[in-house]
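With the hints as constraints, model all of the structure from the sequences given.
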Amino acid sequence: MKKLILALALTFTGTLAFADAKIGAPAPDFSVTDANGKTHKLSDYKGKYVVLEWYNKDCPYVRKHYDSKNMQNIQTEMTGKGIVWLSVISSAKGKQGYMPAADVVKNGTKESSKATAILVDENGKMGKAYGAKTTPHMYLIDPQGVLRYNGAIDSNDSADPATIASSENYIIRAVASAEKGEKIAKETSKPYGCSVKY
Amino acid sequence: MSFLLLICIGVSPAFAAGSSSFKFPQGTLELISSHAGWNPAQKNSLGLHFKMNEHWHIYWKNSGDSGAAPKWKWTVENAKITGEQWPLPERINIEGLTNLGYSHESLFIFDLAPQDPAKPISVVLNLEFLICKVECIPYFTELRKEIPFAAQTGPPAAIFSTFIYPENAPSSFRWSVDGRTDQILKTTLSLPAEIQLKNLEVFPEDGETFKSSVPALEPQGSQYLIQLPLQDTSKTDFAGSRFLLVTEDSAGNKKGYEMALEKAAPTALAAILIWALLGGFILNFMPCVFPVLSIKVLSFLGPDQDKQKLRTSGLYYTMGVMCSFLALGGLLLALRAGGEQIGWGFQLQSPLIAAAIALLFFWLGLNFLGTFEIGQSLSYLGAKKTSQSLWGSFMTGVLATVVATPCTAPFMGAALGASLAMPAMNTLMVFAGLGLGMALPFLILSYAPQALKFLPKPGMWMQKLKEFLAFPLFATVLWLMWVLSHQVVVDSLLYLLGVFLLVALWIWFVHTIRHEKLRQLMLLAGFVLSFVILSFLPRDPASASTPSSAAVDVWKPFSVEQVQKDVDEGKAVFIDFTAAWCITCQVNKKLVLHTTDIQKAFTENNVQLYKADWTDKDPKITEALAQDGRNSLPLYVYYQAGSRKALLLPEILTKSIVLELFNKENEP
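Just so you know, the protein sequences line up as chains A and B, in that order.
For the first sequence, my numbering assigns the number 1 to the initial residue and increments by one for each residue that follows.
For the second sequence, my numbering assigns the number 199 to the initial residue and increments by one for each residue that follows.
Honestly, the hints are just simulated from the structure, not real lab data.
Keep in mind that this is a model prediction, so the values were computed, not measured.
The C-beta atom is built at its ideal place from N, Cα and C for all residues, glycine as well.
A portion of the hints provided could be inaccurate.
Said to hold, decoys possible - Which residues of chain A face chain B? A few of them, derived with a C-beta cut under 7 Å, are: (1) Lys22; (2) Lys133; (3) Thr134; (4) Asp157; (5) Glu187; (6) Thr188; (7) Tyr192; (8) Cys194; (9) Ser195.
See below:
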């Protein structure tokens, strides 16, 4: 018994000495200005679900979801329920997808983006804090500020918009499960698309 | 712009007319046949040959951090495709991401099984592929090819032997899971002694489960300790995960082996089993088991039985105990599958979990001290008579487990804790081991009844042993409180102690209840309630209220920019990645890093000292660790003066390891 407890204590030191911010842990806070110059902090949205979407207007995979209106439809559906949707541009100055704030506003209108705000994370601080790897790369944060989903937007990594209809949309599923208080079936998936242009 | 391009390609009629090749601005693609004509007497294959301009690449089946593998849809007439072969990939690092794929040139091979001789094979390939430099362009195309029947056979076209394709790993290779931490799967690859894998590289096929970054490889004789960074940290079973091992033979030629992970290593399992056996054995001497059990079991082991019957009885008894324990283990697994969200690779970084474990151990400790008993009435059940048949012996085993339940429950807590991070099979092994351990003394007695006289008599010593075992539990509580003290404000600690007070008060109150069943119920309610109350634990981080105590701390807080600056200026830099909950880190600190002679050596050599404290989550430190290919503690990084190359020191430090750093530096 004592041995077992000793073994148990050893298991603790072994198991628990390693960890990082992940699913089920508080999502990293951020403070980033949007296209209109307004600052957004994660803590501003306590009590609300927050969806983060990494965006690069020239990435074919982003185009897949925007030209087909798939992304805008999900944004409309989510923001309609009071969910905060933040599109994040982490492209560094001079790299693909980077735009000055004024162009971000224009581009958002042209795209008919229904996001709550489009954040300009030009120094990549927010993107790196979340480990955003691709565009699109999706995250769901619950009203307690806990990260609940991290990964791809859906189950098909093709660039062909025709595959959207037959794909399983992970972010819609995650939100639905979280709102019902159920366990999210797929909490992580491998994001697909273009690399974020830090 | 690139998408316009893609649309143009999608609708362009230029290559719909049966072309076997496709030209695009970044390269060319050709569908080729291994032979000019097919013949059943030779191996017929198709090849998809990519040639890319400088800096462009396509992807392997697991594309890595971004990108996408090519997707093909074949329509083949008069043949079947029986297999596809992907050439060995390379790691392509693009702006901090790791992709797995091919630059320059590559050939995907598809084996054909032709059907009707004297007819041509005709092939239509619908292909989607993504080609990237930093930016990416997806292409969709259709290629066609016709291969006539040929009377002659011959070797395949030269290009088919240009690239290297993986083969199955020799059966003498063994690769098994040792265990895992929150983010790393620890494995051991064992090879026959005569085989040396030169420049071994490991590529995971499953990008959903494993990260594509380079795993830490540590050769150890004929073994490699391989730490695979996990992408999906909720997964618990990794057996069957497929990997590609790339290595070089003595002549420097690359070779690829495909291999799957096996379940836990036999050595690890053996260790688990020994602990569990011991645990089960000690269970026999617990006061709630021993008196009832000895009377009961010893009766069927009585000296008047004939030897053969005695042995069979012993075996049946053992089976009864083990089946009951396995059933308990199965129940635990079922609960675990249902409550997976709790996360079994849990983290002490969450103060709530550390506090909850402290509370659980406080309850267990009080139970061991005898402040309350669980389910005493169960013991009486076990004292009732069972028949003397073999079935009776089996049932005695089952009953023995039931009788032992009040004592087993705390044991379950410990066993459960130990098996938290294990795959399902190992958890069952723990329970089987507990069962076998508990049955062992009686199994031995049934084979050697004369040993009966060596059996200790039940008495006060059992009570004392049980009570004593409460103290290791309380010591663990102490350690957890110490961890907490580094994470949260002192109010939270007082809150936790307040919960302890309530628990004690509740147990005292429950003692006044006469009714046995009601008392048990109230105990259970109190147990559940205490965790509910605990969930309101205030969790303000400690750093806000505790200023650094050391007046002049030579250890500066870690900052990427500052370290970079020092390295650029050619200064020597030592970084200590540490955390309050990392025991090894504390030991290293106490015995090595913070000793006067090591501090003196640091000062003399003008080493810039940085402390990266990971007690609370800090994405910057997580990232810095990742850059050194690690996500675990402790990690000690040293930059020699004037060098930009990071030197990683062993996890367990000695003074000589640190002093050695400066000796080397002083050498010409």
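Going down the list of hints, with the structure as the test:
Taking 7 Å as the C-beta contact cut-off toward chain B, the hint placing A/Lys22 at the interface holds, the least distance being around 6 Å. For A/Lys133, the interface hint holds, the least distance from its beta-carbon to any beta-carbon of chain B being 5 Å, beneath 7 Å. Hint status for A/Thr134: holds, given a least beta-carbon distance of 4 Å to chain B, under 7 Å. Proximity of A/Asp157 to chain B holds as hinted, the smallest CB-CB distance being about 4 Å (cut-off 7 Å).
The closest approach between the C-beta of A/Glu187 and any C-beta of chain B is roughly 6 Å, which is under the 7 Å cut-off, so the hint is satisfied. Hint status for A/Thr188: holds, given a least beta-carbon distance of 5 Å to chain B, under 7 Å. A least Cβ separation of about 5 Å between A/Tyr192 and chain B falls short of the 7 Å threshold, and the interface hint therefore holds. The interface hint given for A/Cys194 is met, as the beta carbon of that residue sits about 5 Å from the closest beta carbon of chain B, less than 7 Å.
The restraint placing A/Ser195 at the interface with chain B holds, with a minimum CB-CB distance near 4 Å, inside the 7 Å limit.
Figure legend: structure checked against the earlier numbered hints; every hint is met.
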